Amino acid sequence: MSSTANADRRTQLESLWEHDAVKIIAVIGAIYIVYALIGLILGYSLDGIVNTLRRMTYLIAVYGMVTLALNLHWGYTGLFNIGVAGFMAIGLYVTMMLAKPADPGGAAQYAGLGLPMPIAIIGGVVAAGLAGLVVALPALRLRADYFAITTIAFAEIVRLGITSDALQQFTILGAELGTGGGRGLIRNYDDPMNVIFQLEIFSSFVDLTNSLFGFGPTQARALAYSIVLVIVLAGIYWLIQRTSRSPFGRVLKAIREDEEAAQSLGKDTNMFKIKVFVLGCALMGLAGILWRFRRTGVTPEAFRPHVTFYIWIALIIGGAGSNTGSILGSGLFVAVLFEGPQYLRRVIDQLVAIGDAPNTFAGAVGPLLSANPVPLVRYTFAEFLTLQFVIMGVALILLMQRRPDGLLGHREETAAAIPLGARPSAAGGGSGGGGGSDSVSGGGFAHSQTRDQNDDSDQQTDGGIDAETVGTQADTNDRSEDSESSQGSESSDNTYQTDDSTTDGETQ
Amino acid sequence: MSDRSTDVQSTEAEPTTDTANTSPDTPTDANAVSPSAVDRTGEIELAVDGLVKRFGGITAVDGASFEVESGSITGLIGPNGAGKSTTFHCITGIHQPDEGTVAFQGQDITGIAPYECADYGLVRTFQIAREMANMTVLENLMLPAKHQQGEALWRSVMPLARREVEAQERDLLERVWDTLEFFEIEHIAEEKAGNLSGGQRKLLEMARALMTEPEMLLLDEPFAGVNPTLERKLLEHIHELRAEGYTFLIVEHDMDLIMEHCEHVIVMHQGSVLAEGVPGQVTSNEQVIEAYLGGEV
Numbered sequence: 001m002s003s004t005a006n007a008d009r010r011t012q013l014e015s016l017w018e019h020d021a022v023k024i025i026a027v028i029g030a031i032y033i034v035y036a037l038i039g040l041i042l043g044y045s046l047d048g049i050v051n052t053l054r055r056m057t058y059l060i061a062v063y064g065m066v067t068l069a070l071n072l073h074w075g076y077t078g079l080f081n082i083g084v085a086g087f088m089a090i091g092l093y094v095t096m097m098l099a100k101p102a103d104p105g106g107a108a109q110y111a112g113l114g115l116p117m118p119i120a121i122i123g124g125v126v127a128a129g130l131a132g133l134v135v136a137l138p139a140l141r142l143r144a145d146y147f148a149i150t151t152i153a154f155a156e157i158v159r160l161g162i163t164s165d166a167l168q169q170f171t172i173l174g175a176e177l178g179t180g181g182g183r184g185l186i187r188n189y190d191d192p193m194n195v196i197f198q199l200e201i202f203s204s205f206v207d208l209t210n211s212l213f214g215f216g217p218t219q220a221r222a223l224a225y226s227i228v229l230v231i232v233l234a235g236i237y238w239l240i241q242r243t244s245r246s247p248f249g250r251v252l253k254a255i256r257e258d259e260e261a262a263q264s265l266g267k268d269t270n271m272f273k274i275k276v277f278v279l280g281c282a283l284m285g286l287a288g289i290l291w292r293f294r295r296t297g298v299t300p301e302a303f304r305p306h307v308t309f310y311i312w313i314a315l316i317i318g319g320a321g322s323n324t325g326s327i328l329g330s331g332l333f334v335a336v337l338f339e340g341p342q343y344l345r346r347v348i349d350q351l352v353a354i355g356d357a358p359n360t361f362a363g364a365v366g367p368l369l370s371a372n373p374v375p376l377v378r379y380t381f382a383e384f385l386t387l388q389f390v391i392m393g394v395a396l397i398l399l400m401q402r403r404p405d406g407l408l409g410h411r412e413e414t415a416a417a418i419p420l421g422a423r424p425s426a427a428g429g430g431s432g433g434g435g436g437s438d439s440v441s442g443g444g445f446a447h448s449q450t451r452d453q454n455d456d457s458d459q460q461t462d463g464g465i466d467a468e469t470v471g472t473q474a475d476t477n478d479r480s481e482d483s484e485s486s487q488g489s490e491s492s493d494n495t496y497q498t499d500d501s502t503t504d505g506e507t508q
Numbered sequence: 001m002s003d004r005s006t007d008v009q010s011t012e013a014e015p016t017t018d019t020a021n022t023s024p025d026t027p028t029d030a031n032a033v034s035p036s037a038v039d040r041t042g043e044i045e046l047a048v049d050g051l052v053k054r055f056g057g058i059t060a061v062d063g064a065s066f067e068v069e070s071g072s073i074t075g076l077i078g079p080n081g082a083g084k085s086t087t088f089h090c091i092t093g094i095h096q097p098d099e100g101t102v103a104f105q106g107q108d109i110t111g112i113a114p115y116e117c118a119d120y121g122l123v124r125t126f127q128i129a130r131e132m133a134n135m136t137v138l139e140n141l142m143l144p145a146k147h148q149q150g151e152a153l154w155r156s157v158m159p160l161a162r163r164e165v166e167a168q169e170r171d172l173l174e175r176v177w178d179t180l181e182f183f184e185i186e187h188i189a190e191e192k193a194g195n196l197s198g199g200q201r202k203l204l205e206m207a208r209a210l211m212t213e214p215e216m217l218l219l220d221e222p223f224a225g226v227n228p229t230l231e232r233k234l235l236e237h238i239h240e241l242r243a244e245g246y247t248f249l250i251v252e253h254d255m256d257l258i259m260e261h262c263e264h265v266i267v268m269h270q271g272s273v274l275a276e277g278v279p280g281q282v283t284s285n286e287q288v289i290e291a292y293l294g295g296e297v
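Heads up: the sequence lines are chains V and Z, in that order.
Counting in full-length UniProt numbering, the first sequence runs from 1 upward without gaps.
Counting in full-length UniProt numbering, the second sequence runs from 1 upward without gaps.
Hints are computed from structural coordinates only; laboratory data are not their basis.
Some hints here could point you the wrong way.
To be verified - Part of the chain Z face toward chain V, derived, beta carbon under 8 Å: (1) R54; (2) D108; (3) A118; (4) Q127; (5) L138; (6) P144; (7) T212.
Claimed, not checked - Between beta-carbon pairs, the in silico distance windows are: (8) V/E200 / Z/G194: 37 to 43 Å; (9) Z/E184 / V/L16: 56 to 62 Å; (10) V/E156 / Z/M158: 34 to 40 Å; (11) Z/A224 / V/L167: 30 to 36 Å; (12) Z/N195 / V/H306: 46 to 52 Å; (13) V/R10 / Z/A152: 18 to 24 Å; (14) Z/G198 / V/M271: 29 to 35 Å.
As the structure is a computational prediction, the values presented were derived from the model and not from experiment.
Think of the CB as a built atom: it goes at the ideal place given N, C-alpha and C, for glycine as much as any other residue.
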């Protein structure tokens, strides 16, 4: 009896899991819970925990935006763009140069055009799109692998161009501008979020966060900024969903599958490729702007190629071709691979007394000869953050071997503006199809169809369960460490990091 | 543009095993209308004149000239390396011919881009079926239709314009189902094209070509690797479509099949046209026997 009830509940859960919104909420929720637990273990106070979650949200939103744009390029159209960082850099730098005041003010700063922030943002997005056009026009004639080389070369040209002395300060049409070269640009314009911060309502938001979490004004601002980013992410998700679920998106998929066949069916594939490349690059530019335009400054170092590869890892985790997967992939990438090692280290530090690490690798390996592994363990732990890259590499290899289609499994989102499926009107009627009624025609046909649907749902739940196991694994990890905590731990510094957005640095 | 939707009516009652080869003279289903508004029967649909295509030192097509009559099934045969496929590529814009002209319905279409070719009403299939493997059969068939508003990005995104796009999609889906019924492949509608059998892929490829609303179809070895039952079915469809006014140019190796089903046969050898005429004429041509039939007939 109870087993059938369980089965019922299971099928209920499975049908619930099929909704994309549920997937996103469940995964992000799991991430929040895990990080809240981590915060508890580390002895954070409430505002510290909420701030940690806020920081996660901020990172997931930014990575989500770029991953969605990359999904448009690679997942839908098959354009192998590995120059993501370059387009992000163009967006941010152009915006900053447009927004910086024309009067340099301080000693070591470069002049900008002093334009209002909305115009500066539009300028940055347009510039990134135009850069995409410049790359696309000659490069789209190339085969996929050569196209990839062109994009990464372009990204490096952008980064080195920004760094170069020649562009450090230059005059164009009588206006003085500068990229700041290797020293970077300092944000000496007003906080771009002031539009919101100066609203009447915002002061009550500050009060609210203060009474709820004990936030100060800076933290409240950072929280509001993260919320804005989530809203922008939702907008981009909507835009890309519409783009991909349309005749336009259908042609994109066809280009990915077989460009020559698509051409023979009358599709001007080059036009489509250029349009979608420019759109994706503009969105990457926008994400680049939103990522860092509130920080105290920016240096070209922020746009080294590894940024591009982070985005690629997020895309691969979620599974190319799925917009929902892109968001889940960004969430898991940020929580497990990007921020995970750092927090894991802190948790271990908190729970176990590791002791002093030897200073050199030789010092760590040497004692192994006398069967003493402790120095090596200590050394490894001390170098934990360096290991992040190794962990990412291993994760990537495992993913490619075990689940090359991403966590959701091979999932395609139908490329049509209307749901395809059962014939909308009865067979033989022919004319003036009734909008979306689900009268099915022949018996045999209806049968085969239900079978197809079953297949579909099987695939999806398959992916779902796997995603869940990942979550619970992380959970159990935490618990096992929790139980170890009884073995007495010297509580080191219990201070949480008050990460303001201005100090949101990368770990590397 | 949806007026065609009623043209390609289903012939549901026809059992799949009904195989009797419909001979060219007795078209089956005549309830259909000609694809072009004007009846062009008997006129020249496609004219190839002095076509030359060189690849480095090799001349793949060497001055081929021939004409295809409107509403006919014309066979293009020749030994391997005779330049049949290259001729196809030159006609459909995949290759740029070095010399010569191609005219479709009197319009010069020499060297146009492949995608423009379909706009003229000339569409091809490939020797090896090139289905979009990761798209469903429905998506594959929704793709080719011309004048899809939603192919403009802004229309697909902007709320008001998108409503029109959706309406057009519904009409298109209706046409897709008609086409699926015509080819009797409704049962695989939601299958990924990559999961289809070889024969189903051939049907899909032909159905997809038809969705561009062409006037002439160039079929590159449509029967290669197809079992006899399916071959008969494909031929049935071809004859039905011809009766509706479509023109066919078919590259094929099976001599018997060509002789039986084509009104006009063009024999290519070493890049140029060796002989052409009605099947009987061609098979009795000494040169053709020498070059292709190996003196067997």
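Outcome of the hint check:
1. Taken as an interface hint, Z/R54 does not check out: its beta carbon lies about 21 Å from the nearest beta carbon of chain V, beyond 8 Å.
2. Taking 8 Å as the C-beta cut-off, the interface hint given for Z/D108 is violated, the closest approach to chain V being about 19 Å.
3. Among the interface hints, the one on Z/A118 holds; its C-beta lies about 3 Å from the nearest C-beta in chain V, closer than the 8 Å criterion.
4. Because the smallest distance between the Cβ of Z/Q127 and any Cβ of chain V comes to about 12 Å, over 8 Å, the interface hint for this residue is violated.
5. For Z/L138, the interface hint holds, since its Cβ comes within 8 Å of a Cβ in chain V; the closest pair sits about 5 Å apart.
6. At its closest, the beta carbon of Z/P144 sits 4 Å from a beta carbon of chain V; the interface hint therefore holds under the 8 Å criterion.
7. Checking Z/T212 against chain V: minimum C-beta separation of about 5 Å stays under 8 Å; hint holds.
8. Checked against the hint of 37 to 43 Å, the C-beta distance between V/E200 and Z/G194 comes to roughly 58 Å, which is inconsistent with it.
9. The hint said 56 to 62 Å for the Cβ distance between Z/E184 and V/L16, and at roughly 38 Å that hint is violated.
10. Between V/E156 and Z/M158 the CB atoms are about 37 Å apart, so this pair conforms to the stated range of 34 to 40 Å.
11. In this structure, Z/A224 and V/L167 break the distance hint of 30 to 36 Å, their C-beta atoms being roughly 59 Å apart.
12. Take Z/N195 and V/H306: their Cβ atoms lie about 38 Å apart, and the range 46 to 52 Å is violated.
13. With their beta carbons about 45 Å apart, V/R10 and Z/A152 fall outside the hinted range of 18 to 24 Å.
14. Range check, Z/G198 to V/M271: Cβ separation about 33 Å, and the 29 to 35 Å hint holds.
Hint compliance for this structure: hints 1, 2, 4, 8, 9, 11, 12, 13 are broken, all remaining hints hold.
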